[in-house]
Structures are given as C-alpha cells and as structure tokens.
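Chain by chain, the residues:
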Amino acid sequence: MKNSSPPKLFLKFFRWYCHPKLAKHIEGDLMEVYHEQLRIKGKTKADIQFVIDVLLLFRPGIVRSRGKYHALNNTAMFKNYVKIGWRNLLKNKGYSFINIAGLALGMAFTLVIALWIQHELSFDSSYVNAHRIALVQKNTFFNDERNTQEATPYPLCDELKNNYPEVKRASKVSYQRKLSLMAGDRTVSTTGRFVDPDFLEMFSLSFAKGNGKTALQNTNSIILTESSAIALFGTTDPMGNTVKVNNQFELQVTGVIKDVRPNSTLQFDFLAPYEFEAINSPFINNNRTNWSNNFLMNVVELRDGVSMEEFSAKIKTLNMDKDNTLKNQTLFLHPLKKWHLYNDYKNWVNVGGRIEYVKLFGAIGGFVLLIACINFMNLSTARSQKRAKEVGIRKTLGSQRSQIISQFLSESMLTAFIGFVFSICIVTLTLPYLETLGFENINLSVENSFILIFGLGICIITGLVAGSYPALYLSSFLPVKVLKGIFKQGKSPITFRRVLVVSQFAISVGLITSTIIVFQQVEYARNRSIGYNPDNLISINASRDLYLNFAALKQDLLTTGYVEAVATTSSPMTAVYNVWSDFSWEGKDPDSQIALEALMTEWDFEKVARLKFKLGRPFSIRHASDSNGIILNESALKVIGYKDPIGRTMKSGDREVTIVGVVEDLLMRDPFKPVSPGVILFNAEAVNTILVRVKENTDLKEVLTAMQPIFEKHNPAEPFEYTFVDEDFNKKFALENQVGKLAGIFAALAIFISFLGLFGLASYIAEQRVKEIGIRKVLGASVANLWKLLSKDFIILVLISCCAASPIAYYFMNNWLMKYEYRTDIALWIFLVVGGFALIITLATVSYHALKASLANPVKSLRSE
Amino acid sequence: MKKYRLGEFEEVVILTIGVLYKEAYGVSIKKEIEARLSRSVSMGALHTALVRLEDKGYIKSFDGEATEERAGRPKKYFQITALGKKAMEYTKSTRDALWKDIPNVALHLKFS
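From first to last, the protein sequence lines stand for chains A and B.
Under the working numbering, the first residue of the first sequence is numbered 1, with each subsequent residue one higher.
Under the working numbering, the first residue of the second sequence is numbered 1001, with each subsequent residue one higher.
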C-alpha cells in the first residue's frame, strides 16, 4: 500500500504549475489526503479524488507566475540590449555591412514584390457592386480545339436584361476603340469604349459633372474622363460642348467622370453609347439579331442573392437555343473579381493567368529574403565564439536563458530594422528604374498603410527567422565552460552552417538556371520563321479619310522615293481580326467546324510583307479574276488537303474563290503557338491598316519626316501616328521578357547576397585559422597548399548545391515550358555553365581571403602568444 | 471600513485555525471544517483562502514535521496573528451589532 502513488502525470502537472513557495506543503497535504483515501476507499477512488484536487488547485494564487523571477527592469535591459547591439554593429563594421546590405537588398526586393502583389490583388475591387458583376464568356469547339472567348453576340444583352429576372443590369461593352476627338482647334487621339447606359450605374462611376442616370441616354452623347476633358477643353467647362469624332460625327459632352484607376481591367478615356456605334456601323446594324456573330462583350450585374454558378448553368445553352445552326458553344459567367488574375483558359477550364506570376514572384521574393536571412544566421553563428564570453558573464550575473535569447533577438531585430530603413531608401532610389520593368503602379507613400504593416511584419519576421538560431544556440552556452576557455564549437553549428550555405547556393543556382531558360525560350520563339519580314515595315491605323484617299496616298508615298510598296490590310500584321468558319472545299467533312483566319488585302501585299511563296503567285493586277482569288498558308493547305492546289476552287460562304498561291505560315498571333490555318483574300474595302514597306538602307527618320505631310494632307483630322511592325511583334514577348528580366534581377541579387555571405564566412574562417596557417607555413606548407586547404570546403559546398539545384530547376522549368506549344529544349550545357560560373565566383571570393591568409607573414600571427 | 476584510469562507477558515490552535495545517483544517459545517472543502479552495489570509497578514505559518504518509513533505502549520485576531473581533462585533438591531418582530414574523 505504501508504495502506491497517485497518478504521476497529475503530480508532475501540479509540480509544474504550483508556486514554488507553496508546492511542498500543499503536495504534502495532497499526499496525506490521498493515502487516507487509499486506505478508506481504495486506489481508483483515491486517484480520482487526487486528480480532482489537482485540477481544482489550478487557480490564481496557487499557480506560479510565468517567469521564475520577476524582471523588474525590463525597459532598462532592453535599452542595454539595443546599446550593446549597436556597439557590436559599429565594432565589426565589415560584418555589419555584409549583414545589413544583404538584408536591405533582400527586403527592398521583397517590398517591391509585395507592393506589386498588393496592386495586382487590388484589381477591380473598388467597385461597389464588384461581387455581382460578371462578363458573359463563351466556350467554343472549333478545329478540334476547345477555346474560350470573351466575345458574344449583340442580341444577348437585351435577351438577358429583358427575359431573366436574375439580371439587374446588363450592358454591351465594345473593345477598346482608338478615335480622334476634336474640340475647337484641339485634336486628341484617345482610346475608349462604347457601352450601354446601364454600364454607368453598374460600375458606379463617379461623375465630376453630369448625371449618371441620363448621361448616355442620348445616342449622340459622350462622357469624358477628367484628364481627357482637360486635354480637349483645357480649363473651359466641357459640359454641353460638342466633340467631333474622327472628323465625321458630332457628339455632345454629357458628363465628366473621374479617371479610371490603373487597377481596373476595363480601361477607357471616354465612353459613348453603344447605340451610336451600332447606327454608324453597317456591320453591327446587320448583326443586331444575329446570334452567330460574336464581336462585343456583354457584362451583367446580377441581383443580390443570385448565385453566379446557378445563373451560369441557366444560360449555358442560350446561344444554341436561339440559333439552331450553332453547335458546341456554351455561355458562362466570369466574375469581375477574377478578370484580371484568372483570365486564362485551357480546354474550357480556367487555368489561372496572371495569378501564376503573382505566385511566382511572391515565391521568388520570399526566397531572396530567405537568402538574406541565411546570411545573417551564418555570420552570427560563425562569430558566436567571439560573443561566448559575453554570454558567460551575463549568465553568471544572473541572466536567464530567455533573457539571452531576447538579447540576441532584439539585436537581430535592430539589424533587420536598420536593413528595412535602407531598403526603403533603395526602393525610393530605384523606383524610376523599376517603372521600366513593369512596376509602374507601385504605391510607395506613407498613406499606403500596407507599407507600415508590411515593414513592421517583415522586420519582426526577418529578425525572428534570422536571429532564432544564433539566439537559441548562443544562449545554450554553459557559463563555466565558456569562461574557463575550454569552450569549443561543436560539430552541429558547423554542419548547420554548411546546410545553410548549400541551400543558399542551391536557390541562387536554381534562379540563374531558370532565368537562362526563360530567355532561351523567348529567343527561340523570336527566331522562328514568321513568314514575312517585319523590319522596315511601318503600320498605320487606317481612318476613314485614309481609306477614301488611299489611291492618291499610295501614289504620293511611292513618289517620295523612300517607299518600296504600300498596301491595305484588314488587320495589322500582329493581330487577326477575322476568323471565319463558312469556308468549304471539296472533300470537307460536313460536320467539321473548321475556322480559317482571314486576312483581306489587295495588290502589292506580297511586296509589303515580303511573303515567301511555296506555290503559285501573288494577286496580280494583270489577272482580272484575282479579285476572286485566295492565297492559302501552309497550315490551311494541310487542312484542306488538295494535292495540287493552284487553280482549284473553294468556297467562302456562297462565293467561289480560286486558289492562286500558297505562302509560308504567317505568324500573326501567339508566337508560342503553332500558326493556325489561314487565308489571304482579295478585298479592297476591308481596310483597317495601311502597311508601308520602306526601302532598305534608308534613314527611318527621313522617311517619317517625308511621310508625315502626306498623311496629314490625306487625313487632316488626325495626327500622324504609326508603329513599326518589328516593335509590335516584339511586344508579343513583353510578358515573357518582363518575367525573364525580373528573374534575372532576382538571380543576380540572390547570387550577390549569397556571395556577400560567403565572403564574410571565408574571411571569418581565415581569421579563425590564422594560427594554424602560421604553423603550417613555418613547417613548410606552400601557398598553394594553404589555398587548397581553405578553399576546398567551400568548393565542395557549392558543388553539392549545384547538384541539388539542377534537378529541381529542371523539373520546374520543364513544367513551365510545357505551357508553350512552341518551346525550346532544356540543354545540359546550361547546368554546366551555371555550375561553372558559381564555382568560379566562389573560388574568386574565397581565394581572396585564402591567399591573404596564406601570404601573411607567420611571425605576425604567431608572435602574439 | 475596508480595514478588515474577511470573506465568508476566509472567516470559516480563520475560525477553524483558532479552534485547532496548534494543530492547524492543511488537512486538519479541511477535515475540521468538513466535520463541523458538513460541507465538502476542496483543496484548491482551502489553499487559496490560506494564501489570501497569509497575504493579508491575518495568519502566519511555520514548517512542521514531515511524515511518511506525506511522502516526506513537511506540514505547514498556521497560527492567527494579532492582526488576524483584530480582524476576527471586528467581524464578530459588526455581526453582533447587526443581530442586536434586528427588531424582535422581524424574527418572529413567521410564527404569527
């Protein structure tokens, strides 16, 4: 009986929580009661009673205070920590510089990334009804491809608004239109949209002047944004004044709205009624009841409480119900809040879009910060020996372990804070440069409270992450050992440091490899055959006047002597405006839904674009029948499958056309995709673009100065605006280029910070082993021997990190490349080059210290003892 | 008036300590209260009250002997201090005064 004891767990619990002053005799009381109960009622009941007693004793008055002792001078101690930390920073200027510079760089870029992410996530969230607004999108099945499009037919809007009670408001929205607006003697070329009156209230646009309820009721009205109003009217009140559009129509200003925020997906400088565009466009007028022609966007606002999913399901087959000839197309709603970040579809499934980049950059930002933290950890643990005595003395004088921990943590937070201040400076100074990298919307101002929160958070997190290991490690020293001087660093911190160095380098090497692969992919796509020559090719948006005066314009241009050829086209060389599914040919499967891209042009297009003919000939003015001719691209020929195509006929709708030639595939759309089947048709009326081929070896500036008066003569209402086709083509790589540039910057930064750390570590190790080196030298070691001794460790570490990083980088980049249908292969040499590069820089960094240490006079290092 | 504050349970505890005189320690106090007042007293409540009384200076304590039964833990004996005595007297006198001032009628009401 005497040996039986109460439940151990609860006894331990009691001993843990009880105030030490009370513990002994209360435990005595508990035991006495327990033994009595044991005698009277048996073990089970005694145990239960004991547990109850222990639990009931857990109350204030008996529970000990959390610390074993009461710290009376917390603030004073913290002041002391900061002071000691500050002095330490000043004492070791080199290390402090490496630490703070690394942290500041890492934080600066993390800050930029965070601000960028903030901007990206804030898209379209400012509208009051944002959660109820959606774009009607359409899934189609053409050419055996499941595509998703924004364009929907004209009658859809009224149908949704009138026959579906779930829809509160609906509006047609045109794509961005570039128009020239004229008021008085001022002409501005600006982009805007045609919308229905509902649009204004749907997006709760705030009017500086005018009334949102009536502003678009009149067909001939226009709403300007504040900045376009100032550009057109200066300081005079624009309300009620007329604006001449494209030198043709007069619209009355009925409202001025605040400028559209940069974080809105729908951008515009003016709004005009859709009805205005419809009345003046024969094309739209003819398609007012056509459910199969998709050329505009339809935006709806649902009533409160209507679920987007349910309504999507309800309107799914609406298009096909209205027009029985339509096959395989379904409608669904795409919520406003997802427009910006989730706008990419594959096989009808939303596969993200920009959000991928947000995630990617977020991860990269985190990595760079992590590398900077690792630097800090590395150097602090490496230098711990220097502080060991301090820790010993502090402990002897009564410091608790927790106090030592908080000392080192406050030191690291101090460093982190200094780093943050510098990082703000770095961001401010590099802001103009950042803007060219696509970070133009970064909000670096005091009003952006996010910066303060983020700054505080990042200081604390960096301080904690970077300071945790040194703090835990240093505070574990036993004072007796340290002060006696028999303190030796064990294996574990050295191993830990190695792991840190390896992971740091692995991240850097991985980033560099990925950057190179991104650039390779861009180069690969840029260098593919595009079927025409974009150099020395000028593209001009065709206005109505230019179209009407085209013959004279062409003649004038040719007589300047600079111009080789001029032609009109239905779309610029870098876009496809028309995709038609009404083509038919002999042997076409009647059920197939194959659409061909159609480019309409007239004489001389082949000279302008420098088309490469595989078969046949271009349209020629000598063949009168060529107005019914058609030129195929190679992909189209493959689809049509004619063995000997020249001279054979096919049908475009009901019109019979004769194949006169076959050209190499013209790359007009996505350079990362194969070219779709396409045809060139003869049509001198469908004119959207005028292309001018400039003669080789002429000064483009001269050409433009010669062209300007000619264009102004034939198109007095609009300023002469042009683009170079090669530049337009390069814009297709904008996103990839930006990603590549950023990845490059991050990689450079990561490797720089890593080498800062390596530099510090190497210098520290050389310093540590200075006596050893001295002795070795005295005993006859050569400089080469010593250099090898000091460098070997680092080389091995870097090699390990290359081996670790390469497969990971390969895996991720391979996944990334899979997104592109037209992609490069990952070559082995990239990994070898990056590895070699890392090795060379490591050698250079480490060798500096290794050589310095091994060249030093051993007398100097050995004399001091 | 705040000078002497004794809660109801504290009063019971300090009175019991007085009753037990030199034998007042945790378990004996607990048993005495349980026996006299026929109510169960939890260890937690008792020790909290003892800590509070000691903090107020109404009782003082000294370590006693350790027995095998107590797993070698010492007993802690409690004694009433002079201040504690004053507090008890004060409490008693206020109660007495209250008793005295209750009109007889009030107490006999239920019999009539």
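Keep in mind the hints are simulated off the structure, nothing from the lab.
You may find that some hints are simply not true.
Using C-beta positions, here's what the derived DEER-type ranges look like [stated by the list, open to error]:
1) A/V82 <-> B/S1042: 44 to 54 Å
2) B/L1098 <-> A/T44: 41 to 51 Å
3) B/S1038 <-> A/V51: 51 to 61 Å
4) A/S125 <-> B/S1042: 49 to 59 Å
5) B/K1022 <-> A/I40: 19 to 29 Å
6) B/D1063 <-> A/I40: 24 to 34 Å
7) B/D1063 <-> A/T44: 16 to 26 Å
30 Å max Cα-Cα, derived DSBU-like pairs, lysine-lysine [stated by the list, open to error]:
8) A/K45 <-> B/K1031
9) A/K21 <-> B/K1100
10) B/K1086 <-> A/K41
11) A/K24 <-> B/K1022
12) A/K12 <-> B/K1086
13) B/K1086 <-> A/K43
14) A/K93 <-> A/K484
15) B/K1092 <-> A/K24
We put the CB at the ideal spot given by N, CA and C, even for glycine.
Taking 51 to 61 Å as the stated bounds, is the beta-carbon spacing between B/S1038 and A/V51 within them? Violated, since B/S1038 and A/V51 (Cβ atoms, about 24 Å apart) do not stay within the stated range.
Compare the distance between the alpha carbons of A/K21 and B/K1100 with 30 Å, and conclude whether the hinted pair is satisfied. violated (43 Å)
Would you check the hint for A/K24 and B/K1022, treating anything up to 30 Å between C-alpha atoms as holding? Distance ~20 Å between A/K24 and B/K1022 Cα, so the pair holds.
Keeping to a limit of 30 Å between CA atoms, is the pair of A/K45 and B/K1031 held or broken? Holds: A/K45 and B/K1031 sit about 18 Å apart, inside 30 Å.
Cβ distance range 44 to 54 Å for A/V82 and B/S1042, holds or violated: holds (48 Å)
Please test the hint of 24 to 34 Å on the beta carbon pair from B/D1063 and A/I40. For A/I40 against B/D1063, whose Cβ atoms are near 28 Å apart, the range 24 to 34 Å holds.
For the pair we were handed, A/K93 and A/K484, check the Cα-Cα distance against 30 Å. holds (29 Å)
Given the hint that B/K1086 pairs with A/K41, test it: the Cα-Cα distance must not exceed 30 Å. violated (41 Å)
Is B/K1086 within 30 Å of A/K43, Cα to Cα? violated (44 Å)
With a cut-off of 30 Å on the C-alpha distance, tell me whether B/K1092 and A/K24 pass. violated (34 Å)
Given the hint of 16 to 26 Å, check if B/D1063 and A/T44 actually sit that far apart at their C-beta atoms. violated (33 Å)
Is the hinted range of 41 to 51 Å satisfied by the C-beta distance from B/L1098 to A/T44? holds (47 Å)
The structure fails hints 3, 7, 9, 10, 12, 13, 15 (numbered hints given earlier, in ascending order).
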